[in-house]
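Undergrad: If you want the building blocks of each chain, they are given just below.
There are 2 protein chains.
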Amino acid sequence: MFNQKGLLIVLSGPSGVGKGTVCSSLRHEQEDIIYSVSATTRNPRAGEIDGTNYFFKTREQFESMITNNELLEWAEYVGNYYGTPRAFVEETLNKGKDIILEIEVQGALKVKETYPDGIFVFLMPPSFEELRSRIVHRGTENPESLLNRMNVAKEELQMMRHYDYAVVNDEVEKAVKRIQSIIEAERLRKERILPYYEQWLKEEI
Amino acid sequence: MFNQKGLLIVLSGPSGVGKGTVCSSLRHEQEDIIYSVSATTRNPRAGEIDGTNYFFKTREQFESMITNNELLEWAEYVGNYYGTPRAFVEETLNKGKDIILEIEVQGALKVKETYPDGIFVFLMPPSFEELRSRIVHRGTENPESLLNRMNVAKEELQMMRHYDYAVVNDEVEKAVKRIQSIIEAERLRKERILPYYEQWLKEEI
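Respectively, the protein sequence lines represent chains D and C.
The first sequence runs 8 to 212 under this note's numbering.
The second sequence runs 8 to 212 under this note's numbering.
If you are wondering where the hints come from, they were derived from the structure by calculation, not from laboratory data.
Note that beta-carbon positions come from the ideal geometry of N, C-alpha and C, so glycine has one too.
Each hint should be verified, as a subset may be incorrect.
What the hints assert, rightly or not - Straight-line distance between alpha carbons at most 27 Å, and here's what the computed DSS-like set of lysine-lysine pairs gives:
{"id": "1", "chain 1": "C", "residue 1": "Lys184", "chain 2": "D", "residue 2": "Lys12"}
{"id": "2", "chain 1": "D", "residue 1": "Lys161", "chain 2": "C", "residue 2": "Lys12"}
{"id": "3", "chain 1": "C", "residue 1": "Lys184", "chain 2": "D", "residue 2": "Lys197"}
{"id": "4", "chain 1": "C", "residue 1": "Lys197", "chain 2": "D", "residue 2": "Lys104"}
{"id": "5", "chain 1": "C", "residue 1": "Lys197", "chain 2": "D", "residue 2": "Lys181"}
{"id": "6", "chain 1": "D", "residue 1": "Lys181", "chain 2": "C", "residue 2": "Lys12"}
{"id": "7", "chain 1": "D", "residue 1": "Lys12", "chain 2": "C", "residue 2": "Lys181"}
{"id": "8", "chain 1": "D", "residue 1": "Lys197", "chain 2": "C", "residue 2": "Lys104"}
{"id": "9", "chain 1": "C", "residue 1": "Lys117", "chain 2": "C", "residue 2": "Lys104"}
As the list claims (entries may be wrong) - Facing chain C, from chain D, some residues (calculated, C-beta under 7 Å):
{"id": "10", "residue": "Leu164"}
{"id": "11", "residue": "Met166"}
{"id": "12", "residue": "Tyr170"}
{"id": "13", "residue": "Asp171"}
{"id": "14", "residue": "Ser188"}
{"id": "15", "residue": "Glu191"}
{"id": "16", "residue": "Leu195"}
{"id": "17", "residue": "Lys197"}
{"id": "18", "residue": "Tyr204"}
Said to hold, decoys possible - Coverage of chain C stretches by chain D, computed from C-beta distances (three or more under 8 Å per stretch; other residues unrestricted):
{"id": "19", "region": "167-177"}
{"id": "20", "region": "191-199"}
Work out the full structure: start from the sequences and follow the hints.
TA: Below you can see the structure in the form of C-alpha cells.
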C-alpha cells in the first residue's frame with residue numbers, strides 16, 4: 008500500500024504567548040497527533056515524568072547528543088539545555104503519523120532548515136494595540152525601557168514572516184480550534200490526497 | 008486603514024458529486040462569505056428568484072455578456088448558457104469580503120487563469136473503490152461502457168491536480184466542516200495576518 012509521510016507541525020511564538028497551555032489543550036482535543044518530547048538538563052519538577060514531559064538528561068548526555076547531531080534544534084536558557092531529539096521526529100513521520108513540536112522561535116527556524124515543508128504556526132499575543140497601551144499606560148517604564156519593549160515586539164513580529172500561519176491566542180479554546188482547522192486543512196491538501204488515488208489508478212480495472 | 012482583498016474560494020468537482028447540496032449547506036453554516044450568483048439562459052423553476060438563485064438572462068443578453076467580457080467563465084449545457092458574472096466577484100473581493108463560486112470543473116480552470124491565488128477545492132466522490140465496484144457489480148454495463156466510465160473517472164481525477172484541496176463528500180455535514188476548516192486555515196495564513204501588524208508597526212509608538 009502507498010505510504011505517505013506524516014505532517015510535521017511546529018507551534019511556536021514569542022515567549023509568554025501561551026504555547027505550552029495551547030499545546031497541552033490541543034493534546035487533549037487532537038489525539039491523532041504525536042507530541043514531540045523535548046530533552047532537557049533541568050531538574051524534573053514534582054509530577055513530571057521522564058519520557059512524557061521531558062527526556063531528562065545530564066549535561067554530559069545532552070552535549071553528547073549535540074555532538075552526535077541527535078538534536079533537530081537546541082538552545083540554552085537560564086543555564087539549562089533544551090532540545091528536540093531528531094530520531095523520534097523522523098521515525099514518527101516515516102510511520103506516516105503527524106507530529107507536533109512546541110518550541111521557541113529560534114528553534115523553529117532551525118527545524119525549518121531540516122523540514123522546509125513543515126507547517127509552521129506562529130502563536131500571537133491577543134493584540135499589539137493592547138500590548139502597546141499596556142506598556143504605555145503602565146507608566147512605570149522609563150522611555151528607554153518602553154522603546155526596548157516595543158523593539159522586542161517588533162523583532163517578534165519579524166519572525167512571523169518565516170511561518171505559514173499566524174494564530175492569535177486571545178482564548179486558549181479558540182486558538183486550539185484554529186490550529187485544528189489548520190491541521191485539518193493541511194491534511195486535505197491535494198498533494199496529500201492525490202497519491203492515494205494515483206495508486207488506485209495504477210491498479211487494473 | 009489597511010484594506011485587504013477578500014478570499015476567492017472555488018468549489019468544484021465532477022458532475023453528480025453533490026456540489027450544490029454541499030454549497031447550500033455551507034451557505035447556512037458560514038454567513039460571513041458571499042455566494043456568487045450565476046447567470047443563465049434557462050427558465051426559472053418554481054420558487055427561483057432572479058438575483059438570488061440565478062440571474063436569468065435571454066440568449067441575446069448572455070451573448071452580449073460574453074462579447075463584453077463580463078463573464079469570468081461560461082459554458083453551454085443542454086442548450087442553455089451558464090456563467091459567472093465578473094463584476095460582482097471583483098467588487099466583493101475589492102471590498103475585502105470572501106466569495107465562493109460553486110462551478111463546473113472546466114469553469115474552475117478558467118477562473119484560475121484570472122485568479123491564480125484563489126483557493127480551489129475539489130469535491131470528491133466518497134470513494135473510487137466504491138465507484139469501481141458499483142460499476143463492476145452493476146453488470147448491466149457492457150465492457151465498452153465500463154471502460155468508458157472508468158476513463159471518465161480517471162479524467163475527473165486528473166482535474167484534481169489543478170486544485171489546492173480535495174474534500175471527500177461522504178456526508179454533506181462532514182464535507183461542509185472540512186471546507187470550513189480550509190476557509191479558516193486560509194484566513195490564518197501569515198500573508199493575510201502580517202499586513203495588519205505591519206500597518207501597526209508603521210505607526211508611532
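Undergrad: Starting from the hint list further up, note which numbers the structure goes against and sort them upward.
TA: 11
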